[in-house]
Amino acid sequence: MELLNGFVTVFTSGGIVFVILGALLGIILGALPGLTSTMALAILAPLTFGFDTLLALCMLMGVYIAGIAGGAVPAIALNMPGTPASAATAIDGYRLFKEGNQSNTLKMSFLVSGLGVIFSGIILVTLAPLIAQFGLLFSAPEYFALGMLGVTIIISISGKYMIRGIIAALIGFAIAFIGTDPTSGIPRFTFGMYELNGGISYIPALIGLFGLSEVFHFTENTIKSRDISQQQNKQMNNWKRFIPTFFRSSTIGTFIGSIPGAGADIASWTSYDVAQKFAKKGDKYGRGEMKGVIASESANNANVGGALIPMMTFGIPGDGQTAMLIAFLLIHGLDPGPLIFENQSTLVWAMFASVFLASLLVIIYGLSLSTLIIKIVNQPLMFIYPAVIMFCLVGAFAINNNIFDVYVMFCFGVLGFLMKKTEFPIPPLMLALILAPMIEKNLMRGLLIENGNFLMFFARPLFLTIMGIGIVMLIITLVLRKKTPQEV
Amino acid sequence: MKIYFNNSTMIGILLVTASVIYIYAAMQLPGGANSLGPSFLPILVGCLLIICSVIFLINEQIENKKQASSGENESSPTIDKKHFLLVIYLIIYLLVLRHFGFLLTSIPLLFFINRLYGMKGMIKPLLVAVFLPIIIYFLFQSLLGVPLNLI
Chain L
178 MELLNGFVTV FTSGGIVFVI LGALLGIILG ALPGLTSTMA LAILAPLTFG
228 FDTLLALCML MGVYIAGIAG GAVPAIALNM PGTPASAATA IDGYRLFKEG
278 NQSNTLKMSF LVSGLGVIFS GIILVTLAPL IAQFGLLFSA PEYFALGMLG
328 VTIIISISGK YMIRGIIAAL IGFAIAFIGT DPTSGIPRFT FGMYELNGGI
378 SYIPALIGLF GLSEVFHFTE NTIKSRDISQ QQNKQMNNWK RFIPTFFRSS
428 TIGTFIGSIP GAGADIASWT SYDVAQKFAK KGDKYGRGEM KGVIASESAN
478 NANVGGALIP MMTFGIPGDG QTAMLIAFLL IHGLDPGPLI FENQSTLVWA
528 MFASVFLASL LVIIYGLSLS TLIIKIVNQP LMFIYPAVIM FCLVGAFAIN
578 NNIFDVYVMF CFGVLGFLMK KTEFPIPPLM LALILAPMIE KNLMRGLLIE
628 NGNFLMFFAR PLFLTIMGIG IVMLIITLVL RKKTPQEV
Chain Z
18 MKIYFNNSTM IGILLVTASV IYIYAAMQLP GGANSLGPSF LPILVGCLLI
68 ICSVIFLINE QIENKKQASS GENESSPTID KKHFLLVIYL IIYLLVLRHF
118 GFLLTSIPLL FFINRLYGMK GMIKPLLVAV FLPIIIYFLF QSLLGVPLNL
168 I
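As you go down the protein sequences, you meet chains L and Z in turn. Here the first sequence is numbered in the numbering used here, starting from 178 and rising by one per residue. Here the second sequence is numbered in the numbering used here, starting from 18 and rising by one per residue.
The set of hints was computed from the structure by calculation and includes no laboratory data. Everything numeric in this text was worked out from a predicted model, so none of it was measured. Each hint should be verified, as a subset may be incorrect.
As the list claims (entries may be wrong) - Computed Cβ-Cβ distance ranges for the label pairs, DEER-style:
| hint | chain 1 | residue 1 | chain 2 | residue 2 | range |
| --- | --- | --- | --- | --- | --- |
| 1 | Z | Ile-30 | L | Thr-548 | 50 to 56 angstroms |
| 2 | L | Ile-580 | Z | Tyr-41 | 39 to 45 angstroms |
| 3 | L | Thr-642 | Z | Tyr-41 | 37 to 43 angstroms |
| 4 | L | Leu-181 | Z | Val-147 | 45 to 51 angstroms |
| 5 | L | Lys-458 | Z | Thr-26 | 51 to 57 angstroms |
| 6 | L | Gly-191 | Z | Thr-26 | 56 to 62 angstroms |
Stated by the list, open to error - Under the rule of at most 20 angstroms between Cα atoms (straight-line distance), these lysine to any residue pairs were calculated in the SDA-like manner:
| hint | chain 1 | residue 1 | chain 2 | residue 2 |
| --- | --- | --- | --- | --- |
| 7 | Z | Lys-137 | L | Thr-642 |
| 8 | L | Lys-598 | Z | Ile-105 |
| 9 | Z | Lys-99 | L | Phe-560 |
| 10 | L | Lys-598 | Z | Leu-53 |
| 11 | Z | Lys-141 | L | Ala-564 |
| 12 | L | Lys-275 | L | Phe-455 |
| 13 | L | Lys-597 | Z | His-100 |
| 14 | L | Lys-618 | L | Asn-628 |
| 15 | Z | Lys-137 | L | Met-559 |
| 16 | Z | Lys-137 | L | Ile-561 |
| 17 | L | Lys-275 | L | Ile-553 |
| 18 | L | Lys-457 | L | Arg-425 |
| 19 | Z | Lys-83 | L | Pro-364 |
| 20 | L | Lys-284 | L | Arg-418 |
| 21 | L | Lys-618 | L | Lys-458 |
| 22 | Z | Lys-141 | L | Phe-560 |
| 23 | Z | Lys-141 | L | Ile-561 |
| 24 | Z | Lys-99 | L | Met-559 |
| 25 | L | Lys-618 | Z | Leu-53 |
| 26 | L | Lys-597 | Z | Lys-141 |
| 27 | L | Lys-598 | Z | Phe-101 |
| 28 | L | Lys-552 | L | Asn-182 |
| 29 | L | Lys-552 | L | Leu-255 |
| 30 | L | Lys-417 | L | Pro-364 |
| 31 | L | Lys-598 | Z | Ala-42 |
| 32 | L | Lys-458 | L | Ile-420 |
| 33 | Z | Lys-99 | L | Ala-564 |
| 34 | L | Lys-618 | L | Lys-417 |
Said to hold, decoys possible - Only part of the chain Z face toward chain L is listed, based on derived beta-carbon distances under 8 angstroms:
| hint | residue |
| --- | --- |
| 35 | Gly-63 |
| 36 | Ala-85 |
| 37 | Arg-115 |
| 38 | Gly-118 |
| 39 | Leu-121 |
| 40 | Pro-125 |
Note that the Cβ used here is the ideal one computed from N, Cα and C, for glycine as well.
Kindly generate the complete structure, drawing on both the sequences and the hints.
The structure is reproduced here in structure tokens:
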């Protein structure tokens, strides 16, 4: 019923127009080689700062969902996966594409991407309100434990560079402590600059880390000629044989997505691996098998609904994209956590409705515009990146209409680029920036509750439960990650 | 014991030095002596950063030793001229932005960036450099209400 109200809200408020627009921009930016859905969010989200919260949410969900689906295009069409998640898609997708199944491969990829999100969206709307009810029992020590759960994510998203990931996260924490101390009100590391009293703003930092740093990176990795010839489409026969692969992969994607830190790459590779294990006679995985594309893409996209569960119910970002999404939701006055379902339920259900609408649009755009998308992908990126620089500069300014944010964005852009060059992962730094205030505030509050005795936290059953869940999730993620290729 | 000195070693030393400075700055905060004062978490993070940086340094030394014994050379990250130019363009842009406003500064910036990205001739880079800021100005200033004229 609430979901139905969400759809009504999106349609009556005009939010549907923003979902349509967001999904279109997301699919195009996600499809461009070298641009990722995270970057699409970073450069398009500032457009929403002047919008009403509901309309901004609709557009953000459109960009987020379609950006991930669009990411399959360079993997399939150019064998240039931008993320480890779409690398699994490239294995069979690129071969199918070269064999002449161009339009069909892309159409199938968009179809299962959209359906995958719908599948995980159903699980999201069923489970999230129930989990949020449980979250209402939490107080400061439990929120501190949730923050620590987020810290374990840092270890699992650091991949093969674990110590570098931990260092990146500690740098993020160190930066996050700049600004006024939430307990005493004393300014820390501001060096007399009043602009720093409020701390380092997330959004310019994120735009710099994911937008501008990519531009610097592109400067040396200029993609030159890309040749995509148009060939005749071939009809796919016996599509019913794809159904079990789709449901199996979507289930895997949703489950893995709901484990903070596990992420789309693990979902996609695990699903591909499982699909191979269920291979039937005649299946040619690794040599151009449509089921390979379905396994990877449906899991990669079903991951979205799964990742939104811990994000919306506990405010825990599962990966880089949801961390960015949380930062943008905070800007628009939405504080993800258990209370959001009570205090801002209209917006939450409108957001969930936008997830379904954006998935439908991915299917519609994918089935009708795949030829056009291939043409856009083939445009020289030298036209795109100057525009990205402008969007980064203006987007950073647009948050508070403050030039200082532009300087912050630039500094983080350079930092992000240097981190990439020296193989320090960026997502742990971003996660730390977002989690640090939550951890610090709730640790101090918790200590006040327990009269300064930290050990008393361990006498709280809920605190222990969350810490236990965190350890189990970390073990699952590390085991799964060991089996997942780390290189794109 | 042979000490291998390369980019990773430099990064490790830089991290340790920065951590020490960070801890020192945290200890200077008012109430720094208070165990749960504003400096508690920064000092904790600073100490962890020193420990991790030392582990990083040791790991890199072991890795370098392995590479040296197997005859492999570590590929050091390089930063080429284009990066420097782009950073310098952006620094100059940010310095003059407040004095000349968004449009007047963005047009030359984009022209030079277009040339840097390999756009040939004068007309094409100039056209992109003129029209892109105008479109963005119109989009943000008029449609989205972002006061770019206040920059």
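Hints versus structure:
1. Ile-30/Z / Thr-548/L: 50 to 56 angstroms: holds, 54 angstroms
2. Ile-580/L / Tyr-41/Z: 39 to 45 angstroms: With Cβ atoms ~31 angstroms apart, the hint is violated.
3. Thr-642/L / Tyr-41/Z: 37 to 43 angstroms: holds, 40 angstroms
4. Leu-181/L / Val-147/Z: 45 to 51 angstroms: holds, 49 angstroms
5. Lys-458/L / Thr-26/Z: 51 to 57 angstroms: holds, 55 angstroms
6. Gly-191/L / Thr-26/Z: 56 to 62 angstroms: holds, 58 angstroms
7. Lys-137/Z / Thr-642/L: violated, 62 angstroms
8. Lys-598/L / Ile-105/Z: Holds: Lys-598/L and Ile-105/Z sit about 18 angstroms apart, inside 20 angstroms.
9. Lys-99/Z / Phe-560/L: holds, 17 angstroms
10. Lys-598/L / Leu-53/Z: violated, 37 angstroms
11. Lys-141/Z / Ala-564/L: holds, 15 angstroms
12. Lys-275/L / Phe-455/L: Answer violated: Lys-275/L to Phe-455/L is near 25 angstroms, above 20 angstroms.
13. Lys-597/L / His-100/Z: Roughly 13 angstroms separates the two Cα atoms, so the pair holds.
14. Lys-618/L / Asn-628/L: Holds, at about 15 angstroms.
15. Lys-137/Z / Met-559/L: holds, 11 angstroms
16. Lys-137/Z / Ile-561/L: holds, 16 angstroms
17. Lys-275/L / Ile-553/L: Satisfied, since the Cα-Cα distance of roughly 18 angstroms is no more than 20 angstroms.
18. Lys-457/L / Arg-425/L: holds, 15 angstroms
19. Lys-83/Z / Pro-364/L: Distance ~46 angstroms between Lys-83/Z and Pro-364/L Cα, so the pair is violated.
20. Lys-284/L / Arg-418/L: holds, 17 angstroms
21. Lys-618/L / Lys-458/L: violated, 58 angstroms
22. Lys-141/Z / Phe-560/L: holds, 10 angstroms
23. Lys-141/Z / Ile-561/L: holds, 14 angstroms
24. Lys-99/Z / Met-559/L: At roughly 14 angstroms apart (the allowed maximum being 20 angstroms), Met-559/L and Lys-99/Z satisfy the hint.
25. Lys-618/L / Leu-53/Z: Holds, because 12 angstroms separates the two Cα atoms, which is no more than 20 angstroms.
26. Lys-597/L / Lys-141/Z: Cα-Cα ~32 angstroms, so violated.
27. Lys-598/L / Phe-101/Z: Holds, at about 14 angstroms.
28. Lys-552/L / Asn-182/L: violated, 39 angstroms
29. Lys-552/L / Leu-255/L: holds, 12 angstroms
30. Lys-417/L / Pro-364/L: Violated: Lys-417/L and Pro-364/L sit about 63 angstroms apart, past 20 angstroms.
31. Lys-598/L / Ala-42/Z: Violated. Lys-598/L to Ala-42/Z sits at ~29 angstroms, over the 20 angstroms cutoff.
32. Lys-458/L / Ile-420/L: holds, 17 angstroms
33. Lys-99/Z / Ala-564/L: The hint holds at about 18 angstroms.
34. Lys-618/L / Lys-417/L: This hinted pair is violated, its Cα atoms lying about 53 angstroms apart.
35. Gly-63: holds, 7 angstroms
36. Ala-85: violated, 20 angstroms
37. Arg-115: This interface hint holds because 6 angstroms falls under the 8 angstroms limit.
38. Gly-118: At about 12 angstroms, which exceeds the 8 angstroms cut-off, the nearest Cβ of chain L leaves the hint on Gly-118/Z violated.
39. Leu-121: The hint is violated - Leu-121/Z has no Cβ within 8 angstroms of chain L, the shortest such distance being about 14 angstroms.
40. Pro-125: violated, 12 angstroms
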